[in-house]
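*Asks:* Listed here are the chains, written in short residue letters.
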Amino acid sequence: QQQVKQSPQSLIVQKGGISIINCAYENTAFDYFPWYQQFPGKGPALLIAIRPDVSEKKEGRVTISFNKSAKQFSLHIMDSQPGDSATYFCAATTGGAAGNKLTFGGGTRVLVKP
Amino acid sequence: KAGVTQTPRYLIKTRGQQVTLSCSPISGHRSVSWYQQTPGQGLQFLFEYFSETQRNKGNFPGRFSGRQFSNSRSEMNVSTLELGDSALYLCASSIGTTSYEQYFGPGTRLTVT
Chain A
17 QQQVKQSPQS
27 LIVQKGGISI
37 INCAYENTAF
47 DYFPWYQQFP
57 GKGPALLIAI
67 RPDVSEKKEG
77 RVTISFNKSA
87 KQFSLHIMDS
97 QPGDSATYFC
107 AATTGGAAGN
117 KLTFGGGTRV
127 LVKP
Chain B
46 KAGVTQTPRY
56 LIKTRGQQVT
66 LSCSPISGHR
76 SVSWYQQTPG
86 QGLQFLFEYF
96 SETQRNKGNF
106 PGRFSGRQFS
116 NSRSEMNVST
126 LELGDSALYL
136 CASSIGTTSY
146 EQYFGPGTRL
156 TVT
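Which chain is which? The protein sequence lines are A and B, in order. Taking our numbering, I'd label the letters of the first sequence as residues 17 to 130. Taking our numbering, I'd label the letters of the second sequence as residues 46 to 158.
Think of the hints as simulated: they come from the structure by calculation, not from any bench. A portion of the hints provided could be inaccurate.
[Unchecked claim] Here are the computed lysine-lysine pairs in the PhoX-like style, where the Cα-Cα straight-line distance is at most 25 Å: (1) A/K31 / A/K73; (2) A/K58 / A/K21; (3) A/K58 / B/K58; (4) B/K102 / A/K21; (5) A/K21 / A/K74.
[Stated by the list, open to error] So the derived list for chain A, only partly shown, Cβ under 8 Å to chain B, looks like this: (6) G59; (7) P60; (8) L62; (9) G122; (10) G123.
[As the list claims (entries may be wrong)] Residues from chain B that keep clear of chain A, each with C-beta distances beyond 12 Å, as calculated: (11) S67; (12) K102; (13) F109; (14) S115; (15) N122; (16) L126; (17) G129; (18) S131; (19) L155.
No residue lacks a Cβ here, since even glycine has one placed at the ideal position from N, Cα and C.
Please put together the full structure from these sequences, using the hints given.
*Replies:* Here is the structure:
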């Protein structure tokens, strides 16, 4: 059972454009939602994260929007640059005493064209 | 602070052999988690260790095992390797208590022939 669904699978954006990636989850016990960026041959790097009590969080060109009632969250990358070309993963976890098991979405390959 | 380190970075093994991968977490981090990444299945959780105890386990066969040492370094072992075990094995560390943030290492690329 896929508990975190991510879309689209791939995305092509012009330089300066906005990259938007969406995720939906099923487990209402999830209470921490990170996004990771992965370049070829590298491990995933933590980009930004949000908790359910916050509807939006912005760090630089990156914004997470969170809709608890719809069980959806999304990543927006503003002013996309060629260096942003990578695979992005959303994830979710319950954390706490239950441990730090991350459930990942399937990933979105983003290509930013110059 | 130094990041998460994993050794070896690349490994080629034959079906039926066993393999041990190593992970050194960020200094001060007590939780180490292991993930398998494949093109078909994506990123899947294997297990997590916190203070030398397995705290969580994913849906993998018993051929996959791990352990954590008193200095928080962790190893994972895969016995009786199968072709389908070819993957990138990633280790992630976190403080383990007050923070959910997990930081990944570069991974070990395992190829089973």
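*Asks:* For each hint, tell me whether it holds in the structure or not.
*Replies:* Cross-check of the supplied hints:
no., hint, in the structure
1, A/K31 / A/K73, "23 Å, holds"
2, A/K58 / A/K21, "23 Å, holds"
3, A/K58 / B/K58, "21 Å, holds"
4, B/K102 / A/K21, "21 Å, holds"
5, A/K21 / A/K74, "22 Å, holds"
6, G59, "4 Å, holds"
7, P60, "5 Å, holds"
8, L62, "6 Å, holds"
9, G122, "5 Å, holds"
10, G123, "6 Å, holds"
11, S67, "15 Å, holds"
12, K102, "9 Å, violated"
13, F109, "15 Å, holds"
14, S115, "19 Å, holds"
15, N122, "20 Å, holds"
16, L126, "22 Å, holds"
17, G129, "19 Å, holds"
18, S131, "16 Å, holds"
19, L155, "14 Å, holds"
The structure fails to meet hint 12 from the earlier list, while all remaining hints are met.
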